[in-house]
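Colleague: Line order of the protein sequences matches chains U and Z.
Numbering (the working numbering) for the first sequence: 74 to 274.
Numbering (the working numbering) for the second sequence: 18 to 208.
Hint data in this document are derived by calculation from the structure and do not stem from the laboratory.
Backbone N, C-alpha and C fix where the C-beta goes; we use that ideal spot for every residue, glycine too.
Hints are not guaranteed to be accurate.
What the hints assert, rightly or not - One side of the interface only, derived from the structure: several residues of chain Z facing chain U at Cβ under 7 Å:
(1) W84
(2) P85
(3) N188
(4) A190
(5) P200
(6) A201
Stated by the list, open to error - Derived CB-CB ranges, DEER-like:
(7) Z:A190 - U:S103: 44 to 52 Å
(8) Z:E86 - U:I119: 47 to 55 Å
(9) Z:E91 - U:P207: 45 to 53 Å
(10) Z:V39 - U:M156: 41 to 49 Å
(11) U:E214 - Z:W186: 43 to 51 Å
(12) U:R137 - Z:E70: 17 to 25 Å
(13) Z:V82 - U:R239: 44 to 52 Å
(14) Z:S77 - U:M123: 31 to 39 Å
(15) Z:V199 - U:R137: 14 to 22 Å
(16) U:V251 - Z:N78: 30 to 38 Å
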Amino acid sequence: MNQELQNELSRQGVVLTTIEDLYNWGRKNSLWPLQFGLACCAIEMIAASMARFDMARFGAEVFRPSPRQADLMIVSGTVTKKMAPQVVRLFNQMPEPKYVIAMGACAICGGPFRDGYNVLQGIDLYLPVDVYIPGCPPRPEALLEGLIHLQQKIARQRLTGPERPRHLEENVPGEFPVPQFGPHDLVGPRLCKTRTPDANS
Amino acid sequence: MQTPEQIKDRILAALPGAHLEVIPNGSPANQPSLLLDHGQAREIAKFLRDDPELRFDYASNVTGVDWPEKVVKEKVKVRKIIDGVEQEAVELVERKTPGFLEAVYHLYSMALGHGPLIIRLRTGNRTDSVALPSLTPVWRSCEFQEREIFDLFGITFKGHPDLRRILMWDNFADHPMRKDYVPANEQEAKP
């Protein structure tokens, strides 16, 4: 519907919307993050959820201790190779539709520990990240901005047609492959193969 | 606290025939340490813990050191016959020092309020002779730290009650804190 017409109607006391908009409006304002933290970024995430920064203003204050009740995974901190399979498994256990925020330099690419023997070089090797929040660690305001960006992304999502989200595709597997422990490194398929260092240089 | 030399004499008086060596430290810290032999390491450790004048009842820190094989070049003065006349000449001599792994223990006495005393244990080499006697039966606090050394340096501690990897997963094959370790992602990048 025409935006101008919609504004005109709302001035006259008539509200018109679509199921899609109503549905997205509902879920973007009640994101339930999974309650887990991996490193120092988690402290900023906790600060963002407390009274001073108050993530409840954006409807995302209900941190769930069970992945079955959560629809947002905030990867807050360094993901070690030993922890990566558990993080992917937790994400697989969350119901669709679900979203991932990579919070901080470590979750994005390994950060200052990138060359460590036990540090995963970014959670996006195994999970589809929706919003990246740079910082070391990012301030609570940055996390809130990332959350707002995610809300805008959810509001734009179409439920039908070629741009519909992944979980509405019939032939796409629902689970992401969980990496396995190999003798020298994690083994198993990765989402993005071009991320290996110096592949192009 | 007594100096390591005095402690060494005290140990030798109590345990005659023990092999001990005082390793000097040339750095500003100037903390000399005691190098123990494998055979009597546990008896010496028990003595250090129980002796009424020493009473090192607390092992605060256990760590590993990797000493790879290295070639030391030295200039040595030799007497040679040059042009029929015996003269003094300088020759470059290469000396190979074998590599080994080392476990370093920092001991304190809570009862007497002194420390640290640093003791060291060395393996025969870096490949097949990597066993050391565990001091966990003497100081319980060594348990996790010896497991960490086993994990990251590959020293096996004989007599350890529960020697498993502690940081890396169980079927991990490498020892990441060794000097010659190459991380998996750097190996991939090599042509």
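Colleague: Against each hint, give a clear statement of whether it holds in the structure.
Modeller: Tested hints:
{"no.": "1", "hint": "W84", "result": "violated (20 Å)"}
{"no.": "2", "hint": "P85", "result": "violated (17 Å)"}
{"no.": "3", "hint": "N188", "result": "holds (6 Å)"}
{"no.": "4", "hint": "A190", "result": "holds (4 Å)"}
{"no.": "5", "hint": "P200", "result": "holds (5 Å)"}
{"no.": "6", "hint": "A201", "result": "holds (3 Å)"}
{"no.": "7", "hint": "Z:A190 - U:S103: 44 to 52 Å", "result": "holds (47 Å)"}
{"no.": "8", "hint": "Z:E86 - U:I119: 47 to 55 Å", "result": "holds (49 Å)"}
{"no.": "9", "hint": "Z:E91 - U:P207: 45 to 53 Å", "result": "holds (52 Å)"}
{"no.": "10", "hint": "Z:V39 - U:M156: 41 to 49 Å", "result": "holds (44 Å)"}
{"no.": "11", "hint": "U:E214 - Z:W186: 43 to 51 Å", "result": "violated (38 Å)"}
{"no.": "12", "hint": "U:R137 - Z:E70: 17 to 25 Å", "result": "violated (59 Å)"}
{"no.": "13", "hint": "Z:V82 - U:R239: 44 to 52 Å", "result": "holds (50 Å)"}
{"no.": "14", "hint": "Z:S77 - U:M123: 31 to 39 Å", "result": "holds (36 Å)"}
{"no.": "15", "hint": "Z:V199 - U:R137: 14 to 22 Å", "result": "violated (41 Å)"}
{"no.": "16", "hint": "U:V251 - Z:N78: 30 to 38 Å", "result": "holds (37 Å)"}
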